[in-house]
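Those protein sequences? They're chains L and Y, same order as listed. Note that numbering that gives the first Met the number 0 numbers the first sequence so that position 172 is 171, with each residue one more than the last. Note that numbering that gives the first Met the number 0 numbers the second sequence so that position 41 is 40, with each residue one more than the last.
One thing to keep in mind: the hints can contain errors.
[Said to hold, decoys possible] Partial chain Y-side listing against chain L, Cβ under 8 angstroms, derived: (1) Thr22; (2) Ala28; (3) Arg32; (4) Gln38; (5) Ser53; (6) Phe60; (7) Thr63.
Quick caveat, the hints were computed from the structure, so don't treat them as lab data. All residues carry an ideal CB built from backbone N, CA and C; glycine is no exception.
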Amino acid sequence: MTCITIVCSLHEIRDQLIPVLQQKFLVSRAIAESTFDDGLAPHFIRFKNSVHIVIEHPYVDRVYRDSFYSYFSTKMGDYKKDCIRLSFFEGSVNGDDFRDKSKISATALRYLGFMVLRPTIPSVVGRSVISPAILRQNDFISVSSSFHATVRGVKFQVVGFPYSSQDAETISCAETSIWAIMEYFSSKYSDYRPALPSAIIKALQSRSNDRQIPSTGLNAEQVGFALREFGFGTKTYLRKQFHTPDFIRLISCYIESGLPLEILIDNFSKGGSIGHAVLAIGRTKTTSIQIDKLNVTNETDFSIAALIKAKSIYLYDNDDIARDIVFIDDNHPPYQLAPINNPARHYNNADWSLCEVSYFIVPLYPKIYLEAFVAKNYIKNLLLRENFIIPIHTEVFIRIFLTSGRSYKDYLASEESFDIDVKEFIMDTPMAKFIWICEVSNKPLMKQGKAIGLFILDATEPNLQNYNPLIFAGYLDRFYYPDPNTRELKEVLVNLGIFSIYTNNLKGF
Amino acid sequence: MAITISKKAEILERLNAEGRVRTMDSVEAIANREEINNQIVKVIKDYQHKANISQIKASEFIFTA
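Using the sequences and the hints, build the whole thing.
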């Protein structure tokens, strides 16, 4: 057997790939053509015209091989075990780019990711990581990680989010989304391991009354359970249990925290039968117009609403901004943009347009004991009940998110816009592994990415009595902190000044 | 020679000397703290109820598409 390598431009890919599909996956020309036109062309049509592609066969893909040995090889049909791999580059490439030492480093800078094609006609797109930079429209921010891959034997690195289509036999949408979450976290943190399809099936053995393959999908309980088995402190939110504005805000808050969310959409309440799992991994960038148009938040907690009214202030919540969400949807190419109240907009289909988000599941680090609903309420209580001077008719803009204490201090250490006393005070304060941050600002300053207030809570502390989770609470001319010996609150009169907001979670605002 | 570069204690000492630090132990401050304590107990109970129902209903939603 000889390795086949073909290099072509984007407009040549159809002519080059169809014969390879035909020959290697043993299908007719008509099937190869429809596989390309229905399954692959929708991916390529979104790419920049300058993209060039390297086609390689055979490729041993660990995810498909797992499905092959645990399932496809047990059938009588002649399923192939090798895959085709497509690698993408900005601009043209030739053989020398992978052999000439002086050219390899320049080629590495132009590497935009890979896509594995499995012999599971018609759903052939397997494990893929594609950089958003390959897309013609990529004006969004999202969580991403570095993945290593080889092309022509040379190691390259791509930054993106893992993607795969479902093969509909060993993995449906729910298993695919679990796989992608584990692939992402395992590439980023040593606490997690990738989960191959057979491992997901095995993890759910005790939670399945029926046989598991061929897959008929999973329910929300099983998705949460699998993520728990793989090491997360999973939290589940059912839309019907939360006021809709709160539910949408919670999704936004966790996305702002840089966490990929398992989003479960359906049209059951509209009499339909579609139930689908997707991942939400980011959002479009915030525009000044969106901030200008943002309405005062519709506070659903009566006591907080009464405080806002009594103080005659205007409270704006970053989580109310109607941005498009970046979805990883295994029925469509990666990085689909759609609003959270129309999560299947990209389907352009009447039945799908009735879908709404019914559930979402957050794969939290297991020691994050303080979740978003309570944390947000607690911060609002601190802001509105403590002695901060907020003149009447003041516009207060809040932005709340989760991050690691280590990342926040790393940002703070080199952030020059902070008041030096405040900065050193926080830098010398012990920080929890994960913290809730609330940046307080107003509309004009937020358009410049600036804030004038900062709250820091210990996300590992669920006991909220007597300022237990409070690390720092500052706004305008003063800040508060609990005395470590007595837990009594101390007030310090120091002007916080104007400082830049934290954007490390999604690498932008 | 080793030097201490942490500055928090020095900052607090200086601000204290300038009369810019106070302990929130007044009757009003304690009432504020109690109010936050009471409010957050209600919020946590409300959240726990929502979270429990979310879990109970989870098996009813099947995702296959």
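*List in ascending order the numbers of the hints, as given earlier, that are violated by the structure.*
none
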